[in-house]
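Colleague: Sequence:
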Amino acid sequence: MITFFVALAALIVGYCTYGLFVTLVFKPDDRRTPCQVHPDGVDYVPLPIWRAFLIQLLNIAGLGPIFGALSGAIWGPSVYLWIVLGTIFAGAVHDYLSGMLSMRNDGASISELTGMYLGPTMKTVMRIFSVVLLVMIGVVFMVGPAQLLSRMIMGAGRDFNLPRTAAVSIQAAPAVAAPKTEAEKTAAPKADEGKVPVEAKPAPIEEAKPEAPAEEAKPAPVEEVKPEAPAAEVKPVPAEEVKPETPAEEAKPAPTEEAKPEAAAAEEVKPVAEPEMVYGLTEAEWVKYLTIAILVYYFLATLLPIDKVIGRFYPIFGLCLILMAVLIGGATVMNHLNGTHPMIELWDGLYNMHPKGATTPIWPLMFITVACGAISGFHATQSPMMARCLTSERQGRFVFYGAMVAEGIIALIWASAGIAFYNTFGSPITTEGLFLARGGNSATVYDISKGLLGSMGSILALLGVVACPITSGDTAFRSARLTLADWFKIDQKAIKPRLMLALPLLLIGYAISFVDYGIVWRYFSWSNQTLAMIALWAGAVYLCRNVSPVSGFMAAIPATFMSAVSSTYFCFAPECLGFATKFSEGLTLCGVTVDGVQLSYGIGLVFALVLFSIFFGVHRSANYYKSLKKGA
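The sequence shown runs 1 to 632 under UniProt numbering.
Heads up, some of the hints might be wrong.
[Claimed, not checked] Simulated crosslink set (EDC-like; lysine to aspartate or glutamate; CA at most 16 Å straight-line):
#1 308 with 40
#2 493 with 40
#3 123 with 112
#4 489 with 106
#5 582 with 595
#6 450 with 159
#7 123 with 486
#8 493 with 285
#9 356 with 432
#10 489 with 112
#11 288 with 516
Keep in mind the hints are simulated off the structure, nothing from the lab.
Please put together the full structure from these sequences, using the hints given.
Modeller: Written out as structure tokens, the structure is:
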């Protein structure tokens, strides 16, 4: 608990101190902002600062600070350091520079800004990269909230007795059939392991015992059941062996019960094994229909003016978000104080606490997993939207830097809650429980919310959780539309050109939603951090050339760090180059044998140093030209 409050205080102090320092370095002034220069009533719309802050927070706080923080917490308290230091020195700087550079360039998108400061080649790369990332984010934030809402509905059906059909296990069907047979027949299914219907096999055995030797009766079913499971081959054998010794009426039912009851049993199991339904829909069906409903909302939010949908509904979503953070954080602290679930401390160990730590190292996996909540390239695509709506550059610190700090607080709360919830006082604190719950996913979030807050409280908290991805998904597609509009110089004042871009994007997103959610999330995570790396380098070059050469290091240092993270992960991860598994037994280079992990680390370090060296060359040339100007 001490670590939690120290980390919380550090984030707030970081906003007040380092946030002020970053602002002083950038030097915001009183120049006219994009919404004042060319308002269009669609995307360039002046908004009050409180509304702009709320929209920015909801735009950037998707499932990342919840799912990502829960998954990152599996590595232990080291996630606290990454959330706090990453937010203050990397993520908030990244968001602030992305927003402020957009304000100074007529609300340009991040791909256009990259081209201005890193060249036309990087502009093209960033255009493609950002559109692909935004569509993937839209997909992730379409399916995720649908899963959460469906789980809420199914849970409410149980808790509040909504019209529903309870699920029954498939194993319940044999249990019902067994009592209908005699007590002696119940022992036989264990021997045949369920390959032949329970009522078919014992019948010949029991009836053959009194009239024929047991040696003849027993082997017949056993020998035929094991090698010849199909009912069609079992029929003739009982017919030959049982007829001479038992009445035909008793013998015939036995084979018929071996063929028909199998089909009949299958028919009986189906209705018994039907999944739980609420209002006539299963959980999978709820996910399907809710995904379509969310897609319709995304279509409206992507197409309509920003103040018509996003500006009106976001205050409600914002209230849900704040309520969620307060409820989950407060319940976690109370459970620690009353001796139920202990909160992990930094001194519990900065080592890798992941149950599969040997194959899942902290570097680079944790730094990719916890993106939103520390630093996220997705934010660079969102900040320009609010840059088009602010009425003063001086509002940038509160809206851009402040929103990122607020997201860091949300991530801190969920990381703490995730570890604490699966531990009890009196036992060593581990992350095993969170790992077994599969980290960040809809089921884990639902279980934690309900376990901490009960049925009603969990609904309030989960509404806040659902608000996060929905309010990021809608603006992801909106940002993709604006990026394409900037790319192809398509004016967006009229409805037709907006529709021409929005409709294909949403249809592509819906098609991708059928791909395995885990695969989309993994690629999203890496591309997200790679985009953050590029945005930071663009900001570093801007500061170096337009403010002072030394100021560029404010962005260059986190950019170098993220370059190492992104390139190392690209070499390491199985969904990318997969060196960790391909060269697990070692690879000899220049007489030195290294394994795949060491190779990935080496490439990542070299790549980061090369980029930093290039920047240092830019820094020296900028310093040189400034000295020439002073001399003149």
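Colleague: Taken at face value, is the distance from the CA of residue 486 to the CA of residue 123 at most 16 Å?
Modeller: holds (12 Å)
Colleague: Is residue 356 within 16 Å of residue 432, Cα to Cα?
Modeller: Holds, because 10 Å separates the two Cα atoms, which is no more than 16 Å.
Colleague: Given the hint that residue 123 pairs with residue 112, does the C-alpha gap stay at or below 16 Å?
Modeller: Answer holds: residue 123 to residue 112 is near 6 Å, not above 16 Å.
Colleague: Measure nothing beyond the straight line between the CA atoms of residue 489 and residue 106; if it is 16 Å or shorter, mark the hint as holding.
Modeller: holds (14 Å)
Colleague: Straight-line Cα separation of residue 582 and residue 595 no greater than 16 Å?
Modeller: holds (9 Å)
Colleague: Sort out whether residue 285 lies within 16 Å of residue 493, counting only the CA atoms.
Modeller: violated (38 Å)
Colleague: For the pair supplied as a hint, residue 288 and residue 516, is the alpha-carbon distance within the 16 Å limit?
Modeller: holds (14 Å)
Colleague: Going straight from one Cα to the other, do residue 308 and residue 40 come out at no more than 16 Å?
Modeller: holds (14 Å)
Colleague: Can the restraint linking residue 450 and residue 159 be considered satisfied, given a maximum Cα separation of 16 Å?
Modeller: Within the cut-off at roughly 11 Å; holds.
Colleague: Are residue 493 and residue 40 close enough, with their CA atoms no more than 16 Å apart?
Modeller: holds (7 Å)
Colleague: Are the Cα positions of residue 489 and residue 112 separated by 16 Å at most?
Modeller: Since the Cα atoms of residue 489 and residue 112 sit roughly 11 Å apart, the hinted pair holds (cutoff 16 Å).
When held up to the earlier numbered hints, the structure conflicts with hint 8 and nothing else.
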